[in-house]
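There are 2 protein chains.
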Amino acid sequence: MPASTIGPELQRLIDLLTKMPGLGPRSAKRAALYLLKKREPVMRPLAFALADAADKVKACSVCGNWDSIDPCAVCADPQRNTSVLCVVQDVADLWALERAGAHRGRYHVLGGLLSPLDGVGPDDINIGGLVARSGVDDVSEVVLALAATVDGQTTAHYLTEQLLTCSVTVTRLSQGVPVGGELDYLDEGTLAAAMKTRRPF
Amino acid sequence: MPASTIGPELQRLIDLLTKMPGLGPRSAKRAALYLLKKREPVMRPLAFALADAADKVKACSVCGNWDSIDPCAVCADPQRNTSVLCVVQDVADLWALERAGAHRGRYHVLGGLLSPLDGVGPDDINIGGLVARSGVDDVSEVVLALAATVDGQTTAHYLTEQLLTCSVTVTRLSQGVPVGGELDYLDEGTLAAAMKTRRPF
Numbered sequence: 518m519p520a521s522t523i524g525p526e527l528q529r530l531i532d533l534l535t536k537m538p539g540l541g542p543r544s545a546k547r548a549a550l551y552l553l554k555k556r557e558p559v560m561r562p563l564a565f566a567l568a569d570a571a572d573k574v575k576a577c578s579v580c581g582n583w584d585s586i587d588p589c590a591v592c593a594d595p596q597r598n599t600s601v602l603c604v605v606q607d608v609a610d611l612w613a614l615e616r617a618g619a620h621r622g623r624y625h626v627l628g629g630l631l632s633p634l635d636g637v638g639p640d641d642i643n644i645g646g647l648v649a650r651s652g653v654d655d656v657s658e659v660v661l662a663l664a665a666t667v668d669g670q671t672t673a674h675y676l677t678e679q680l681l682t683c684s685v686t687v688t689r690l691s692q693g694v695p696v697g698g699e700l701d702y703l704d705e706g707t708l709a710a711a712m713k714t715r716r717p718f
Numbered sequence: 518m519p520a521s522t523i524g525p526e527l528q529r530l531i532d533l534l535t536k537m538p539g540l541g542p543r544s545a546k547r548a549a550l551y552l553l554k555k556r557e558p559v560m561r562p563l564a565f566a567l568a569d570a571a572d573k574v575k576a577c578s579v580c581g582n583w584d585s586i587d588p589c590a591v592c593a594d595p596q597r598n599t600s601v602l603c604v605v606q607d608v609a610d611l612w613a614l615e616r617a618g619a620h621r622g623r624y625h626v627l628g629g630l631l632s633p634l635d636g637v638g639p640d641d642i643n644i645g646g647l648v649a650r651s652g653v654d655d656v657s658e659v660v661l662a663l664a665a666t667v668d669g670q671t672t673a674h675y676l677t678e679q680l681l682t683c684s685v686t687v688t689r690l691s692q693g694v695p696v697g698g699e700l701d702y703l704d705e706g707t708l709a710a711a712m713k714t715r716r717p718f
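Order-wise, the sequence lines are chains A and B. Going by our numbering, the first residue of the first sequence is number 518, and it counts up by one from there. Going by our numbering, the first residue of the second sequence is number 518, and it counts up by one from there.
You may find that some hints are simply not true.
Anything over 10 angstroms on all C-beta distances counts as not near chain B; from chain A, calculated [what the hints assert, rightly or not]:
1) L527
2) S544
3) R561
4) D584
5) N643
6) V656
7) V696
Stretch by stretch, here's where chain A covers chain B in the computed footprint (C-beta under 8 angstroms, at least three residues) [as the list claims (entries may be wrong)]:
8) 523 to 531
9) 568 to 574
10) 579 to 593
11) 658 to 668
12) 676 to 690
13) 702 to 715
Simulated crosslink set (DSSO-like; lysine-lysine; CA at most 30 angstroms straight-line) [said to hold, decoys possible]:
14) K555(A) x K536(B)
15) K575(B) x K536(B)
16) K573(A) x K573(B)
17) K536(A) x K554(B)
18) K536(A) x K536(B)
19) K555(B) x K536(B)
20) K573(B) x K536(B)
21) K536(A) x K555(B)
22) K554(A) x K573(B)
23) K573(A) x K554(B)
24) K536(A) x K575(A)
25) K554(A) x K573(A)
26) K555(B) x K554(A)
27) K536(A) x K573(A)
28) K573(B) x K554(B)
29) K536(A) x K573(B)
30) K554(A) x K713(B)
31) K555(A) x K573(A)
32) K536(B) x K554(A)
33) K555(A) x K554(B)
34) K555(B) x K573(A)
35) K536(A) x K554(A)
36) K536(B) x K575(A)
37) K575(B) x K555(A)
38) K573(A) x K536(B)
39) K555(B) x K575(A)
40) K713(B) x K555(A)
What the hints contain is simulated information worked out from the structure, not anything from laboratory work. Computed from a predicted structure; not experimentally measured. For glycine and all other residues, C-beta sits at the position ideal for the given N, C-alpha and C.
Use the sequences and the hints to build the structure in full.
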């Protein structure tokens with residue numbers, strides 16, 4: 518397309534929208550046209566919400582969750598069980614566990630996984646904070662809710678070693694057949710793990 | 518998810534992102550987390566670009582295209598053929614034709630299609646402007662580049678009638694086999710149209 522057809526302000530908006538995950542060059546154009554049609558109800562509020570969240574949302578100094586208050590709402594909630602700490606890679610994983618209602622304790626967000634190939638070492642993710650939190654207070658169990666990938670398992674092993682000095686039980690999520698999953702479609706590794714950790718009915 | 522887990526600023530951002538086409542509730546959350554990680558390179562520039570485009574991008578008073586200058590860059594381009602006017606439903610269609618390099622004349626953006634079922638009548642789209650433009654200057658041909666849908670064809674017929682008083686030739690895009698299309702997968706209507714309008718090889 519000749520550069521002249523789309524004006525510079527509109528082109529810059531499209532270029533920035535293209536950088537968002539889930540939007541390609543074509544859907545970014547569609548989104549830009551949609552926003553221009555909904556200037557007052559969506560476009561201006563979105564511009565404000567972006568700038569506002571960029572200003573106010575910070576990582577919680579205790580657990581690393583993102584919130585506009587510090588400590589975050591999860592850490593500040595007196596109803597939460599403070600004895601179980603759930604370690605997650607990212608805030609998205611924290612949200613996933615909250616959505617499932619799977620954990621009523623507190624969290625610790627690492628902000629990444631150890632990945633020797635990508636050059637991510639122990640000092641690049643928030644491990645020091647985890648060891649410090651696990652050693653004090655009434656924390657009795659640390660649940661490693663990390664991805665069942667090579668990097669996730671590497672990180673889990675490293676954390677288990679680091680937590681040896683703290684008097685906590687280290688657990689991890691169980692592996693097995695997903696709810697609704699058919700055996701025929703499952704990979705061999707999952708099936709083997711599910712068989713190995715079988716439980717009485 | 519308990520309302521308390523995601524702070525109000527972040528929740529409002531997610532709600533607004535969810536309204537964008539192409540982003541569902543889940544991908545809006547993913548986008549929000551991505552943006553918070555890229556505050557300076559993407560999030561703040563996007564907030565600015567949204568507000569800036571909302572302020573500056575206006576519909577061209579001549580053709581209805583969106584641009585920050587008026588008349589728009591297409592209308593102001595002296596290299597464009599002013600005798601052929603291409604009528605499109607929306608700015609997205611104008612961009613599609615420009616991307617294809619299919620038209621080197623000017624455009625007229627209707628801003629919609631006649632749709633009796635949805636209550637869209639002739640006064641709701643920019644037909645008056647089209648008739649006025651077609652009657653003056655050196656316009657000799659009006660190409661109706663409208664969708665091959667019921668509403669598109671209804672609009673095309675109505676426009677053809679309205680343009681009878683202007684001394685212009687009214688044409689429309691041809692229908693037929695898409696480039697790369699296999700006959701076996703084409704619908705009957707398209708095949709019949711392609712056969713009916715067959716041309717010497």
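With the threshold set at 30 angstroms, check whether the alpha-carbon distance from K573(A) to K536(B) stays at or below it.
This hinted pair holds, its Cα atoms lying about 22 angstroms apart.
Residue count check for the segment 702 to 715 of chain B against chain A: does it reach three with CB-CB under 8 angstroms?
violated (count 0)
Are the Cα atoms of K555(B) and K575(A) separated by 30 angstroms or less?
Holds. K555(B) to K575(A) sits at ~13 angstroms (cutoff 30 angstroms).
For K555(B) and K536(B), compute the direct alpha-carbon distance and say whether it is at most 30 angstroms.
21 angstroms, holds
According to a criterion of three or more residues whose C-beta lies within less than 8 angstroms of a C-beta of chain A, is the segment 676 to 690 of chain B covered?
violated (count 0)
Given the hint that K573(B) pairs with K554(B), does the C-alpha gap stay at or below 30 angstroms?
Within the cut-off at roughly 28 angstroms; holds.
Taking the closest pair, is the beta carbon of S544(A) still more than 10 angstroms from chain B?
4 angstroms, violated
Given the hint that K573(B) pairs with K536(B), test it: the Cα-Cα distance must not exceed 30 angstroms.
22 angstroms, holds
Can we trust that R561(A) is non-interface, i.e. its beta-carbon lies farther than 10 angstroms from all of chain B?
About 5 angstroms separates R561(A) from the closest Cβ of chain B, which leaves it inside 10 angstroms; violated.
Check of the segment 568 to 574 of chain B against chain A for coverage (Cβ-Cβ below 8 angstroms, three residues minimum):
holds (count 6)
Proposed proximity, K573(B) with K536(A) (alpha carbon, max 30 angstroms)
Given that 30 angstroms is the threshold and the Cα spacing comes to 22 angstroms, the pair holds.
Is the Cα-Cα distance between K575(B) and K536(B) 30 angstroms or less?
22 angstroms, holds
Comparing the model with each earlier hint shows violations of hints 1, 2, 3, 4, 11, 12, 13, 30 and 40; every other hint is respected.
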